[in-house]
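Visitor: Chain by chain, the residues:
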Amino acid sequence: MALHLPARLSMPIAVSALALVSMACVNAHAQDESAYARKASKPLPDGGPAPRLADGHPDLSGHWYLGLLGKEDATLNGGGFGGDPLQRPFDPKVTPEEKPAFQPWAAEKIKQLNLNAPAGAYDKLPKDQKIAILKNEILHLSQNCMPHGVPGNFDAGHGVQLVQTPGLLVQLIEQNHDFRVVPTDGRPHTKDPDPSFNGEGIGHWEGDTLVIDTIAIDERAWVTPRWTFHSPREHVIQRISRPSMNYLNYQVTVEDPGVLTKPWTTVIHHFSLSHEPLLEWYCGVGSHDDEDIAGMKDELKKLEATK
Amino acid sequence: MKRHLPLAVFGVLVLSPVLSVVPAFAHHGFQFEYDGSKYVTITGVLRKVEWENPHIYFNVDVTSKDGKVTSWRFEGSSVTLVRRSGVKLSDFNDNMGKTISVKGCPAKSGLPRVAAETVKLPDGREIVVARKRYFGDGKPGPDDN
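Respectively, the protein sequence lines represent chains A and B. Under this note's numbering, the first residue of the first sequence is numbered 1, with each subsequent residue one higher. Under this note's numbering, the first residue of the second sequence is numbered 1, with each subsequent residue one higher.
Chain A on its own, in the form it takes in the complex (with noise of 0.2 Å):
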C-alpha cells in the first residue's frame, strides 16, 4: 500500500518511474532464472542422544530453530515457512495437522479477517472486509514491536534459545528482546493471577516431556499469525521434548472455550539446535515500520470515507 512517502516524492515522478517500470517488461521466467542462486538445504543429523541435567531430565538447552535446518539464512533456497520445506516446523503431507475447531462466530470472523484465505486476496474483498481486516493488521504484534505472548512466541520464526536448571526453565526470545521464566519444580497456578502476554506458565515433567500449563494470557495476545483473538478463559498447554541432541519436538493445545467447540492440538512441531549466539533485537517506537501502519491508517481512511 506504501502511501506514506518522503515529502521530496511527487507522485507524477513516481507515476513516471513505474511506467518505465512496466515498459521495460521482459520474460517473467528468464528474469527468474537470473534472479539470485540461493542455496540448496540440508537437514542436520540427529547429533546422538540428547544431553541430560543432574536431576535426570533431558536437557532442553540451546538456540533453537524451527525447522531442520539449524539455522536462520535467506541465502538457502525458498528461505520461508512457505519455501524451503525444510524450514518449516512440519511437513502437512506426512502429519496434516487438524484444524482449530471455532465456534460459529469465531469461524465467522477469522473468514472476514481472510486470515486463510490465499494470498492476493485482500484486494478482491468487498470495503468493509477491507476495512475489518486493515482494523486489524494495524495492531499486528511484529508491525507494532509487540511481544507474541504465548503461544506464539515459541514459533514466531525467529530464534529461541532455552536454558534449563533444575526446577526452571528460562525462554530468551529474540524477536523484541522478550523472555519467559517457567518454573518446572511442580507447583501448582497462583490463585487468580493477572492476565499478561505470557501468562502464568508452570511446568511439570512426563517422563522426559517437559509439559508447560499456562493460564491469565492477556487477550492482546496472539495464538497464531491467523488466528488473532482469543477468550480470557484460553488455556494453552505446551509439551517439549528433545529426541535427539540437534532436535527438539513441540507441540501446543488450546483450550478456549469461549472460541471453539473442543480443544485443538497441533501435531509435532519440529526445532533444530544452532550455535549461534542471539543476538540484539531493538524495535520500538519511532521504528521505520511505522510508515507501513501509517499506510494502512491512510488505506483504511480512504475506505471508510466512501462508505
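Since the hints were derived computationally from the structure, they do not count as laboratory data. Glycine included, each C-beta is placed from N, C-alpha and C at the ideal position. One or more hints might be untrue.
[Said to hold, decoys possible] Heads up, incomplete: computed chain A residues facing chain B, CB under 8 Å, no partners named: (1) Ser41; (2) Asp73; (3) Ala74; (4) Thr75; (5) Glu174; (6) Phe229; (7) Ser231; (8) Trp264; (9) Asp292.
With chain A fixed as given, assemble chain B onto it according to the hints.
Guide: Chain B only, in chain A's frame:
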C-alpha cells in the same frame, strides 16, 4: 567496477494465475503494500540505510533520462535475519553514493517502493536482504518477520 547505465529499470509483470497455499498474512504488511506477482530490478545510487528491526530500509536515487531524480525506498527483512545471511551494515555504508542494483517486488500503489530481495553491490557481489519473496510463478513470498 562495472558501470551501470544512469537509468536502468527493468520490470517483470507476471500474469500467471495465483495458485497459492501461502498464508494471506505472511510478511506482515506485505500483502497490502507489495505485489508478490511482480519482480523488478532497480538500479541507482545508494543514498541511505536504516539498519533496524523489524525490517531494514534503504534508499536509492534513480535519475531519468530527462534528469529527474526519484528516491526509491526499499524494505528488507529484520537485521538479525539479514546478518545471519552474511550481510553487514558496512556492505551498505561502504557503498554509499555508489551504484547498486536491487531486485524485489514493487509496491502495488505505483509509488517507488520495493520489497527488496537481493542487492548487487559495485564489486559484483550479490547480497540477500530478505527471504525469497518472488517465486517466478505469481506467488508472493513466505513468512518474513
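Visitor: Work down the list of hints and note, for each, if the structure agrees.
Guide: Hint by hint, here is what the structure shows:
Given the 8 Å rule on beta carbons, the hint for serine 41 of chain A is violated: about 12 Å separates it from the nearest Cβ of chain B. Nearest Cβ of chain B to the Cβ of aspartate 73 of chain A: about 5 Å, under the 8 Å cut. The hint holds. Annotation: alanine 74 of chain A was flagged as interfacial toward chain B, and the flag holds, the nearest CB pair being 4 Å apart, inside 8 Å. Hint status for threonine 75 of chain A: holds, given a least beta-carbon distance of 5 Å to chain B, under 8 Å.
Residue-level restraint check for glutamate 174 of chain A holds (minimum Cβ-Cβ distance to chain B is 6 Å; threshold 8 Å). Taking 8 Å as the C-beta cut-off, the interface hint given for phenylalanine 229 of chain A is violated, the closest approach to chain B being about 14 Å. The restraint placing serine 231 of chain A at the interface with chain B is violated, with a minimum CB-CB distance near 21 Å, outside the 8 Å limit. Hint on tryptophan 264 of chain A is violated. Least Cβ distance to chain B is approximately 17 Å, over the 8 Å limit.
The beta carbon of aspartate 292 of chain A is positioned within 8 Å of a beta carbon in chain B (closest approach about 4 Å), and the interface hint is therefore held.
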